[in-house]
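Could you slot chain B onto chain A? The hints should help.
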Amino acid sequence: MPVSGFGVVALPAINTLLQVGQGNSPETFYTLANVSSISGPSLEGNVVDVTSMSTNLPWRQKVVTLLQGGEVSFDIFWIPMLQSSSGIEGHVNLLTLFVNRGQSAVAGQAIDFRLVFPDQDASTYTFSGFISKLSLTEKVEDVVRAACTITITGALGFPYGTPA
Amino acid sequence: MTSVEQLLYEAVIGNAGITSLLATDAGGNVAFYLIQLPQQGNVYPAGVFQRVSSPRLFVMQQVGNQASVGRARFQFTFWGHDAGVLEQIDVALLAMFRTFDAYNSAGSPATAVQPGFYSYSSRMLTEPQTQPVLQKVMVDVIFWFQDQ
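Chains as they are written, first to last, in this note's numbering: chain A, 12 to 175; chain B, 11 to 158.
Bound conformation, chain B alone:
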């Protein structure tokens, strides 16, 4: 079963609009990670994402696909020294979510019109105690998903 994290990571990494704005780390990978930045060799702009919550829907009867649908809330955080680039990353991420689909199984006939996301909120702030000063943009997004 593909996790929502995998779907999101693949969507971001496969989106040139976002990856073109992110740095490449020492391993040659796009600087986008699950939960936290690497301890060593940070490059910027870089980002992380993490699941905040994912309440699932339950029905009365015992069915094989019980709790297979839910709404996931994820937080993305991108750091960089140029606030303008962070703004562009925010815009590119929003564009990505307009076509992101964690509900319908890839390669199968869709059972619903691409549900996408229904909440997207971003804010920019400064990372305290950094020199040179790091800016960051934090994005809180909620979307429907279905196990696939």
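Pulled out of the complex, with its shape left as it was, chain A reads as follows:
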């Protein structure tokens, strides 16, 4: 159930799950393994300046036209040999999704993702997109890490409301 008022001050981010759809029907989602941080979606609206000569006011006027889901970026403790299993999306498959440029070997088929929040309802945002960046880092004093980016295409689905 949605909550209202000021009863909930903040929600700890740990246990937020970034999940990847397997492209089947009905679609099953696997949780991406070893994710250490998630940023996004970075929603953005295209702003058009509609200030005209006739407003007679010294303030610019603007309207939002098209919306975009932006990006979801996330960091992973990367394990190159990690395969998918038991509801966990391995890093081998994540790399495959990048190389495929989509869900299947046919480039262009958007991948379904879910962002599941750790609230009592497991509130879930849904979106589709592509793995557009996968950047590995190996430092002598650190573990192997990967910084990944999903570029969202289309609408963001969210609970308690209607996708725009």
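The hints are simulated quantities; they were obtained by calculation from the structure and are not laboratory data.
Among the hints, a few may not be true.
[Stated by the list, open to error] Quick list of simulated restraints, FRET-style, between CB atoms: (1) A:152 to B:157: 14 to 22 angstroms; (2) A:152 to B:93: 27 to 35 angstroms; (3) A:35 to B:123: 33 to 41 angstroms; (4) A:120 to B:109: 12 to 20 angstroms.
[To be verified] Not close to chain B: a few residues of chain A, all C-beta gaps over 10 angstroms, as computed: (5) 26; (6) 27; (7) 28; (8) 110; (9) 111; (10) 112; (11) 123; (12) 135; (13) 149; (14) 154.
No residue lacks a Cβ here, since even glycine has one placed at the ideal position from N, Cα and C.
Coordinates of chain B only, in the frame set by chain A:
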């Protein structure tokens, strides 16, 4: 679960290159201890070790092995009257860490090439207000570990 302290103690005590340079205390044990020297009957060269920090890695999802990997920082301190012996202890400890593995479980197939340590820093100084004067070597070392 074996603690990192246990692994380190066993590694040091099992390393003849180090133990041959340390004294034996009144109880017949190698003079190497956790955190502090015994209050009575000190013999030298003797050493202690202690955990300074051990931040662990966390992932988003609730997994059974959450926070099982981390990097431990330990400090070793060895005292003695002969600075030359302390230098040898420092060299022997460095050699020990070249093969020390707190990441892979003993007896199980390794999941990673022995990660060992990635920081090792030592310094020598004099212990103030001691007569005869005690020298000491302090070693600060950081290595990866995994609960096992």
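Review point. What hint numbers does the structure not satisfy?
Key: 4, 5, 6, 7 and 14
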